[in-house]
Amino acid sequence: MVDMAAMGTTMKDMHQTDRNPTMTEPKISAKNVNVFYGETHAIKDVTVDIADKTVTAFIGPSGCGKSTFLRCLNRMNDTIDIARVQGTILLDGQDIYDPRIDPVQLRAQVGMVFQKPNPFPKSIYDNVAYGPRIHGMAANKAELDDIVESSLRRAALWNEVKDRLDAPGTGLSGGQQQRLCIARAIATSPEVLLMDEPCSALDPIATAQVEELIDELRANYSVVIVTHSMQQAARVSQKTAFFHLGQLVEFGDTGEIFTNPRDPRTESYITGRIG
Amino acid sequence: MTKEHIVSAFDRDLEGIQATVMKMGGLVEEALRGAIKALETGDTELAQKVRKSDRSVDELDLKVKHDAARILALRSPTASDLRLVLSVIEISAHLERCGDYAKNIAKRSIVLAENAQIEGTVPALRRMATFVLSMLSDALDAYIRKDASLAEAVIERDLEADDMYNTLFRSLLTHMMEDPRSIAAGMHLHFIAKNIERVGDHATGIAEQTIYVVTGALPEDDRPKKDGTSITFKPSDE
Numbered sequence: 001m002v003d004m005a006a007m008g009t010t011m012k013d014m015h016q017t018d019r020n021p022t023m024t025e026p027k028i029s030a031k032n033v034n035v036f037y038g039e040t041h042a043i044k045d046v047t048v049d050i051a052d053k054t055v056t057a058f059i060g061p062s063g064c065g066k067s068t069f070l071r072c073l074n075r076m077n078d079t080i081d082i083a084r085v086q087g088t089i090l091l092d093g094q095d096i097y098d099p100r101i102d103p104v105q106l107r108a109q110v111g112m113v114f115q116k117p118n119p120f121p122k123s124i125y126d127n128v129a130y131g132p133r134i135h136g137m138a139a140n141k142a143e144l145d146d147i148v149e150s151s152l153r154r155a156a157l158w159n160e161v162k163d164r165l166d167a168p169g170t171g172l173s174g175g176q177q178q179r180l181c182i183a184r185a186i187a188t189s190p191e192v193l194l195m196d197e198p199c200s201a202l203d204p205i206a207t208a209q210v211e212e213l214i215d216e217l218r219a220n221y222s223v224v225i226v227t228h229s230m231q232q233a234a235r236v237s238q239k240t241a242f243f244h245l246g247q248l249v250e251f252g253d254t255g256e257i258f259t260n261p262r263d264p265r266t267e268s269y270i271t272g273r274i275g
Numbered sequence: 001m002t003k004e005h006i007v008s009a010f011d012r013d014l015e016g017i018q019a020t021v022m023k024m025g026g027l028v029e030e031a032l033r034g035a036i037k038a039l040e041t042g043d044t045e046l047a048q049k050v051r052k053s054d055r056s057v058d059e060l061d062l063k064v065k066h067d068a069a070r071i072l073a074l075r076s077p078t079a080s081d082l083r084l085v086l087s088v089i090e091i092s093a094h095l096e097r098c099g100d101y102a103k104n105i106a107k108r109s110i111v112l113a114e115n116a117q118i119e120g121t122v123p124a125l126r127r128m129a130t131f132v133l134s135m136l137s138d139a140l141d142a143y144i145r146k147d148a149s150l151a152e153a154v155i156e157r158d159l160e161a162d163d164m165y166n167t168l169f170r171s172l173l174t175h176m177m178e179d180p181r182s183i184a185a186g187m188h189l190h191f192i193a194k195n196i197e198r199v200g201d202h203a204t205g206i207a208e209q210t211i212y213v214v215t216g217a218l219p220e221d222d223r224p225k226k227d228g229t230s231i232t233f234k235p236s237d238e
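Chains as they are written, first to last, in the UniProt record's numbering: chain A, 1 to 275; chain X, 1 to 238.
Any given hint could be a false lead.
Here are the computed lysine to any residue pairs in the SDA-like style, where the Cα-Cα straight-line distance is at most 20 angstroms [unchecked claim]:
#	chain 1	residue 1	chain 2	residue 2
1	X	K146	A	D263
2	X	K3	A	P61
3	X	K3	A	M76
4	A	K53	A	D215
5	X	K146	A	S268
6	X	K3	A	K53
7	X	K3	A	G272
8	X	K37	X	K52
9	X	K23	X	R170
10	A	K162	A	Y130
11	X	K37	X	R127
12	X	K63	X	K107
13	X	K146	A	P61
14	X	K194	X	D163
15	X	K37	X	K146
16	X	K3	A	D215
17	A	K44	A	P61
18	X	K65	X	E90
19	X	K23	X	E45
20	X	K52	X	K107
21	X	K23	X	S137
22	X	K146	A	R262
23	X	K37	X	R126
24	A	K116	A	P168
25	X	K3	A	V249
26	X	K107	X	E45
27	X	K3	A	R265
28	X	K3	A	P264
29	X	K146	A	F114
30	X	K65	X	L82
31	A	K31	A	G93
32	A	K44	A	M76
33	X	K194	X	A93
34	X	K3	A	D263
Partner residues are not named here, just some residues of chain A that face chain X (Cβ under 10 angstroms, in silico) [stated by the list, open to error]:
#	residue
35	S62
36	E256
37	I257
38	N260
39	R262
40	P264
Hints were generated in silico from the structure; no laboratory data involved.
Note that beta-carbon positions come from the ideal geometry of N, C-alpha and C, so glycine has one too.
When you get a sec, could you build the whole thing from the sequences and use the hints?
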């Protein structure tokens with residue numbers, strides 16, 4: 001008979017061991033995070049450690065707080081007047097809500113890709129060069145060219161656009177636009193990439209390309225992805241967090257969450273039962 | 001997990017595949033009972049019927065595998081649903097083997113009907129078969145009720161089935177050593193005993209699947225094994 005228990009272990013560990021990330025220190029460590037939108041208590045006492053060089057998926061029904069929590073990780077909630085964030089979020093041990101931290105600098109370190117591809121109404125080149133320019137990351141045109149090329153290459157878009165870098169980014173297909181946004185996010189050499197439903201506006205082929213890209217990006221970044229597609233979470237992530245009604249219900253290895261979740265609420269959600 | 005799926009067709013698929021396995025279980029139990037009865041009564045007609053009935057079991061096994069593949073492809077089951085589909089595939093394979101054993105017992109019963117019997121063996125086989133059939137029936141009950149403690153009890157009982165087999169083995173061996181003319185019958189009866197003992201192992205395998213579905217983990221592989229026949233008789237002992 002096949003030893004299912006042993007098989008489960010190998011399935012669960014496969015992604016971790018083939019990359020062998022330094023798991024000792026979490027990249028992001030969130031402790032007792034609470035978020036309020038005015039009177040609404042949107043995130044309730046969430047504590048979680050996010051590993052480096054790992055894809056972590058946040059799943060949960062609409063309104064469960066997964067996007068809200070994601071937006072805490074690079075202080076995107078600062079832009080919402082009525083939002084209040086309590087608790088601590090450490091990036092490499094440094095409190096990102098420390099008053100001395102410059103949020104703009106933080107967002108260069110913790111990049112973000114949104115649901116809908118949102119390239120600037122500029123050329124493909126300028127879309128990618130924008131971040132490095134404002135952060136003064138390139139001393140001259142040649143250095144900037146290098147950053148643009150390597151970012152587009154890492155976003156698996158270079159070959160498709162290298163002959164038309166001056167063309168507007170908005171003229172690309174949806175999938176290409178999203179990869180352009182990923183190239184833009186990684187141009188500032190971030191350490192963490194946050195992705196909020198990065199494939200929900202893409203067709204299956206473009207989705208597969210972005211998923212392949214996410215898997216490659218894992219070699220260099222800590223990737224956190226919010227997704228409504230549980231199959232996508234299962235395909236791309238090594239760790240999965242299930243949010244429900246503002247709480248982090250369960251967090252664990254993706255293989256384990258999808259074969260043998262501990263909490264009945266997780267089970268109800270991922271098996272498509274009312275819950 | 002008793003709550004219903006939002007997509008009710010998913011529930012119907014999962015219920016359907018379990019119903020097929022239970023139907024298979026019913027056919028296999030009937031075949032085993034028939035095979036033992038044919039052995040007891042020398043009813044070769046019944047034995048032929050049992051042999052033919054194995055085809056239906058094989059067809060149901062194919063149906064289970066086909067339906068399971070379809071559910072995996074179309075519904076992408078997860079967690080307890082996934083474990084249920086995987087367990088159904090395993091249980092179907094166990095039952096298919098049990099069907100083969102029933103067919104084999106029926107085949108040997110036809111040969112034995114024309115041979116002199118070894119006294120006392122057939123009643124002992126009958127007792128062993130009754131015991132193992134109750135294991136199989138409880139294993140299937142435990143599965144459909146998702147009753148892990150009943151499944152544990154089935155696994156424990158396999159020791160007793162092994163004991164019964166060991167006793168029969170020694171008794172047949174003694175007969176064959178004393179009277180070489182009994183070897184032909186003795187060999188057939190021994191294979192029948194072994195077949196029945198194997199049904200007990202498959203009942204245990206089905207019980208293990210119930211534990212997997214309920215708990216998410218198979219029991220550790222330290223389950224009781226008590227086949228002592230390999231040390232019962234050594235040629236050098238003669």
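Hinted pair, alpha-carbon criterion (20 angstroms max): K37/X, K146/X. Please report holds or violated. violated (31 angstroms)
Quickly compare the C-alpha distance for K44/A and P61/A to 20 angstroms and report which way the hint goes. holds (16 angstroms)
Given the hinted pair K44/A and M76/A, is their Cα-Cα distance within 20 angstroms? Roughly 18 angstroms between the alpha carbons, so the hint for K44/A and M76/A holds.
Is it true that the CA of K146/X sits at most 20 angstroms from the CA of S268/A? Satisfied, since the Cα-Cα distance of roughly 18 angstroms is no more than 20 angstroms.
Decide if the proposed pair is consistent with the structure: K3/X and P264/A, CA atoms, cutoff 20 angstroms inclusive. holds (11 angstroms)
Please verify that hint: N260/A, Cβ, nearest Cβ of chain X, below 10 angstroms or not. holds (3 angstroms)
Given the hinted pair K3/X and D215/A, is their Cα-Cα distance within 20 angstroms? violated (35 angstroms)
Going straight from one Cα to the other, do K53/A and D215/A come out at no more than 20 angstroms? holds (10 angstroms)
What's the verdict on K3/X and K53/A, does the C-alpha distance respect the 20 angstroms limit or exceed it? The hint is violated at about 37 angstroms.
Starting from K65/X, check that the Cα of E90/X is at most 20 angstroms away, please. Since the Cα atoms of K65/X and E90/X sit roughly 9 angstroms apart, the hinted pair holds (cutoff 20 angstroms).
Evaluation of the interface hint that places I257/A against chain X, nearest CB under 10 angstroms: Result: holds, 8 angstroms to nearest chain X Cβ.
Below or equal to 20 angstroms on CA atoms is what counts here, so check K3/X against M76/A. Violated, at roughly 38 angstroms.
The structure fails to meet hints 3, 6, 9, 12, 13, 15, 16, 19, 29 and 35 from the earlier list, while all remaining hints are met.
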